[in-house]
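Asks: Each protein sequence line maps, in turn, to chains A and B.
Under the UniProt record's numbering, the first residue of the first sequence carries the number 1, and numbering increases by one thereafter.
Under the UniProt record's numbering, the first residue of the second sequence carries the number 1, and numbering increases by one thereafter.
No lab work stands behind these hints: they were computed from the structure.
Among the hints, a few may not be true.
Same chains, same label: a pair holds when it works inside one copy or across any pair of copies.
As the list claims (entries may be wrong) - With a Cα cut of at most 25 Å, we get these calculated DSS-like pairs of lysine-lysine: (1) Lys72 to Lys488; (2) Lys438 to Lys400; (3) Lys350 to Lys463; (4) Lys353 to Lys463; (5) Lys504 to Lys488; (6) Lys72 to Lys438; (7) Lys72 to Lys516; (8) Lys5 to Lys97; (9) Lys322 to Lys5; (10) Lys72 to Lys504.
Below are the chains, spelled out letter by letter.
Number of protein chains: 2
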Amino acid sequence: MKSSKHIVIVGGVAGGASAAARARRHSESARITLIERGPDVSFANCGLPYHIGGEITDRDDLAVQTPTSLRKLLALDVKTLTEVTAIHPDSGKVELKDLKTGECSTLDYDELILSPGASPIRPPLPGIDDPRVLTLRNLEDMDAIIRAARTVERVAVIGAGFIGLEVAEQLVHIGKRVSLVELQEQVLPQLDPEMARPLVEALKHKGVETILGDGIQSFGGSEEGLWTNLASGRSFEVDLVVLSIGVRPEGELARNAGLALGPRGHITVDGFQRTSAPSIYAVGDVCESPDPLAGGHAAVPLGGPANRQGRTAADHIFLGDKALPYPGSIGTAIVRVFDLAAGMTGLSEKRLKGADQSFESVVVNGPSHASYFPGAETITLKLIWSPDTGRVLGAQAIGKDGVDKRLDVIATAIRAGMTIDDLVHLELSYAPPFGSAKDVVNVAGFAAANIRDGLLLPIPTMKEAAGCQIIDVRPPETSRRLPAPGAKNIPLGELRERLGEIDKDRPVYTVCQMGKTSYFAARILANHGYDARSILGGAHHQIE
Amino acid sequence: MKSSKHIVIVGGVAGGASAAARARRHSESARITLIERGPDVSFANCGLPYHIGGEITDRDDLAVQTPTSLRKLLALDVKTLTEVTAIHPDSGKVELKDLKTGECSTLDYDELILSPGASPIRPPLPGIDDPRVLTLRNLEDMDAIIRAARTVERVAVIGAGFIGLEVAEQLVHIGKRVSLVELQEQVLPQLDPEMARPLVEALKHKGVETILGDGIQSFGGSEEGLWTNLASGRSFEVDLVVLSIGVRPEGELARNAGLALGPRGHITVDGFQRTSAPSIYAVGDVCESPDPLAGGHAAVPLGGPANRQGRTAADHIFLGDKALPYPGSIGTAIVRVFDLAAGMTGLSEKRLKGADQSFESVVVNGPSHASYFPGAETITLKLIWSPDTGRVLGAQAIGKDGVDKRLDVIATAIRAGMTIDDLVHLELSYAPPFGSAKDVVNVAGFAAANIRDGLLLPIPTMKEAAGCQIIDVRPPETSRRLPAPGAKNIPLGELRERLGEIDKDRPVYTVCQMGKTSYFAARILANHGYDARSILGGAHHQIE
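Please work from the sequences and hints to get the whole structure.
Replies: And the structure:
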C-alpha cells in the first residue's frame, strides 16, 4: 500500500474521471472521492449533438460510466447532485451541499483536483430567459433540446463554432429548418476565413441559412414563435434557439478560494496541473496551461487535453516531479459538417497576426489517396511556419476524406518541433486506397521549402492579381467551365511556344485548378526572365 | 538561364520521372534526356493490381504521363524502347541501343541519374518458363495477367508479401479461385507474425487457400493445367501462376561500370543519392540509402521513397550540398486485404531480434474513432521502442479503419526521434466521427510508459501463461462466448471482493478482451500484494 491519502475530485466528467481512474491505478489504499454537481458522471459530452440528430441512437451509449460502475470498478466514493460551495486551501477542506437534501457538510482532503469544466455563455439579453432558448452542456441539456425539437420546425443556432456546427448539422438530419447566426464574418472562427469558406457552401446546399457578421441582440416571445432579433436590425421567427456562442470556465470556486486566475477567469496551472495553492490541481476546461507555441498560458477546452491533464495531475500526486508533465495544448480540433471535415492544429494566421508574430503560409491541394484510385477526394491544406526557423506553427485542412489524418500528422510534427524540410521527407503509408507517393503533407512541405528557396513566388489571393496580366494554364475545357476572372488561357503544354503572347515588361500571374500547374508555369516563365508569380491554391481554393 | 548541362536519366517511372520534373523546375535551359527500356513512362505501378481486379476500371488512369505529355510539359527528350547498354563514368558517356531498330549510339552526359528499378525474381526452377507463369512489374505484365486470367479459374499466387496479397485480393474480386503460397510461416513477412495473423482469417473467409511455410519447387505443365509442386511434396493444379516472391535491383549496368554495390546488388548512395562515381546518381528500387534506424544501408523498394529520392538527386545537381539530403527510408508500408488494412513503419521485432538490438514492445487495441459513435472498428497496434532511450523504433497496425492514420502519426514520430512519453501527449484531432479523446496511439504511449515505470507488467502471449493461474476479468457472457483457455472468470467489478479466491503464493495472469481491463485488474492485484501480470492485447489479439 503506497498511500492512504484522501484525494477529492470536483467534477466527474472527462478530466475528473481520468484523474480518478489514474489515481486508482497508482494505489488501492488511497481514498478517492468524486463530487459531481449533476446527476451523471463520465458521460461522452462530445457525443451529445449526435444523439440529438439520432446518429447515436442509444442514449445509454453516451454514459461511459455510471456512479455505480465507478464505485465498482474504481472503488470511488461518488457523490452526485452534490455541489462544492467553498474551498479552504489553508485547512485542506471543502464545503459540500447535497442538492437533493440541502444538507451541508465539510470534507478534508490531502489532494484536491478541480475539474468543474466550463458552462455555455448566456449573455444578459432581453428575452434570454425564454424557455425556448437552450444551451448544450450535459445529458439533461441534450434531453431538453430533443424534447423541444420534437414538435417544432424552425431552429436558430447562435454561434458557428465547433459545437454550433455539429448541432446545426444534426438538426438538419432530423428535418429541422435551421438558421445559423455567427457574429464573425465566417463560420468556424477558429480557422482562417478562406479555409472555412467551403463550409458555408456545404451548409447552404443542405438548406441551412447562414447569417454571418451579425449578432444576437434580443429574443421576443409569443405563443406562435420566438423572434430572434439581430444587431443588424434583421429579425426572424423560430420555434427553438440553441445558443452556442462559447463557454465560460467555472472558476468562481477557485476565485473565492484565492487561487490565481487568468484574464478570462481560468485557473492558471503549471506543467503538472498545479494551481497557485498547495495540493490543489486543476484540469480540463476550467484551467489554462502553459502555451507551447505562443508562450504565456492558454485555455483549450477540448476532451483530449482534459483527459490527459487529469492523468497528469494524478501522476503528480503519486510520483511528484518525476511525473511526465503536460506539455500544453496546441489546439488540434476537427468538425464534420455533412460530407466535409474541417479542422486545425497549432496557430492560425489570424492568431499570429493578432500576436504580431512573423510567419509564412501556403495553401496546397492534394488527393486523399492516389488520384488514379476510385474515391479520391481533394484535401485543401494550409501550412503555417516560422520564416526564421522553418518550424511548423500550424495547419488547417478541409475536404471530404483524410482531413483528420493530415491534421494528426502535422500535429505530431508540431509537437516534435519539426520544420518544413522535415515535412518534405515524411514517409507516410502509401498504397493506392490509402495515400499517394507524394502525400499532400509532403506537397505542403515542398511548397513551403520552394517559397523559402525562392522557387515558388506565390500571391495569396486572386484579388491581388485583379487588373494584372493573368495566365490561366488549365486545359481550355476546364478554363471555360470554371473561368478565372480576367485571365488569358494558355495551357501549360503550349506555354513555351506561346511565350511571345505574354508581356515581359509587366508582372505575370499564373493560375490553374489546384495551384500546382500554375507553379510549374511560373517556374518556366521565371526561368525565361519573366517576373512571374503563382496564385495559391488554384481555382479550387480561390474562385467561389 | 542557370545552366545548360545535359542530364541523362535512365528509367522513366517513379524516381526517374520525379528527377526529370524537378530538374526542369530548376532550369529551362538544361537538356534533359529520359531513357526508358519499356514502351511506357511515369505509370502508376502501385496501381497495377487494381486494374487486374477491375477496381481501377480505365487503363488510361494508370498512365500518369505519356512520352508525348512529358515532352510537352517538361520539354524532355524522351527515348522509350531504348536500352542503356553501358555506362562510361570516366568519359561521361552512355551507350544506347534502340530496341525497335537495333541501332546503337552513344550519348554524352554531364549528370547521370540511374533509376532502372528492380525486376521480379524468377528463380531457375523446372518449368519456370511455362508461359502460364507470370510476374507483375509494368503495364505489359498487367495486360498479360488480365488476358491470361480472363478464361481461367484457378490461380496460384506465389509469395504473400504486399504485392502478392494485393494480386490475390484482386483475383478474388474477379471470381478466381486463388491459392496463396508463402515460404515463411506467415503472410506479409515484413510484419511480426502475430500481427499478420488476422490476414489469414480474412483470406480464408474470402475463399483464398493460404499455404504457409512451403516453397515452390517446380512447375509441370500440361494442356489442362499447370502443376505447382511445393517443397513439402504437396502439388496442386492451377491455370495460371503469378509469381511475387520479391524483386532484384537492376544493378548490372552499374556493376559493369564499376560503381559500388551493396551485398544484394543495390547501388550504394549517400544522402544526396550520389553513387561512388562522380556525377552519377541512383534513385528508387535500384539503390540502397543510409538507414536512419538500423545503421548501414538499406534498400526500401517503395514508391514514396523513389519519388523523393529523384527529387533529391535533381536538387543536388542544381544546388550542390545546399540541397536537402534524403534522410533515408524508415520502411512505412501498408496493404489492404479485403476489409482489413495492415502495415508497419520503422523496425519490426523480427528485424531487431535479427540485429541483436535491445527493444521493448507492447500491443494495444483501440477504436478507430469514439467507441460510442457508430462504425467504430478495433485497431490493434504494436509499438516497439528502445528501453535505453525510450525512442520509438517501429510500429505495426491492423484493423478495418484508420490503420493508415495511426501508422502515419507514428512514422512522423519516428522521423522526429520522439519517445514513448511524447506519444502520451500527442494531441490528435478528436470529434466522435474521427477519433477518441485518448487515441490508440496515446494508449500505446500510456502502455509503453507504464511498462517502463513498472505499472504494467505484461506477458506477451497466452502460451506463457498456460498451466498457471489465469483470471479472466471479462463479463461472464463474453467469457463464455469466447473462452480464454484455462482461465477462471472473475469480472473486474467483483475482483476486490473476491480476492480470497486467488492464490497469493502463485503468480497470477489477468486476461480480458482488449488488454485494458486486464491491466486494470493486474494493478488492483499488484497493489494488494499479488505477483500479477497482464496478458497483452487481450483475447482480441491472443485467442485464435
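Asks: How would you classify Lys353 and Lys463 at a CA-CA limit of 25 Å: within, between, both, or neither?
Replies: Cα proximity of Lys353 and Lys463: one copy only (20 Å, versus 59 Å across).
Asks: Using 25 Å as the alpha-carbon threshold, which applies to Lys72 and Lys504: within, between, both, or neither?
Replies: For Lys72 and Lys504, the Cα distance is within 25 Å only across copies (22 Å; inside one copy 79 Å).
Asks: If the cut is 25 Å between Cα atoms, do Lys350 and Lys463 qualify within a copy, between copies, both or neither?
Replies: Intra 19 Å, inter 57 Å, cutoff 25 Å: intra-copy only.
Asks: Can you tell me if Lys72 and Lys516 fall within 25 Å by alpha carbon in one copy, between copies, both or neither?
Replies: For Lys72 and Lys516, only the inter-copy Cα distance (16 Å) is at most 25 Å; the intra-copy one is 59 Å.
Asks: Is the C-alpha distance from Lys322 to Lys5 at most 25 Å within one copy, between copies, in both cases, or in neither?
Replies: Within one copy, since 19 Å is at most 25 Å while 60 Å is not.
Asks: Within a copy, between copies, both or neither: where do Lys438 and Lys400 come within 25 Å Cα-Cα?
Replies: both (19 Å within a copy, 24 Å between copies)
Asks: When no copy is specified for Lys504 and Lys488, does a C-alpha distance of 25 Å or less occur within a copy, between copies, both, or neither?
Replies: within (15 Å within a copy, 84 Å between copies)
Asks: Treating 25 Å as the Cα threshold, decide for Lys5 and Lys97: within, between, both or neither.
Replies: within (23 Å within a copy, 84 Å between copies)
Asks: Are the CA atoms of Lys72 and Lys488 at most 25 Å apart within a copy, between copies, both, or neither?
Replies: between (73 Å within a copy, 20 Å between copies)
Asks: Is it within a copy, between copies, both, or neither that the alpha carbon of Lys72 lies no farther than 25 Å from that of Lys438?
Replies: Answer is between: at 22 Å across copies they meet the 25 Å cutoff, but 51 Å inside does not.
In this structure, every one of the numbered hints holds.
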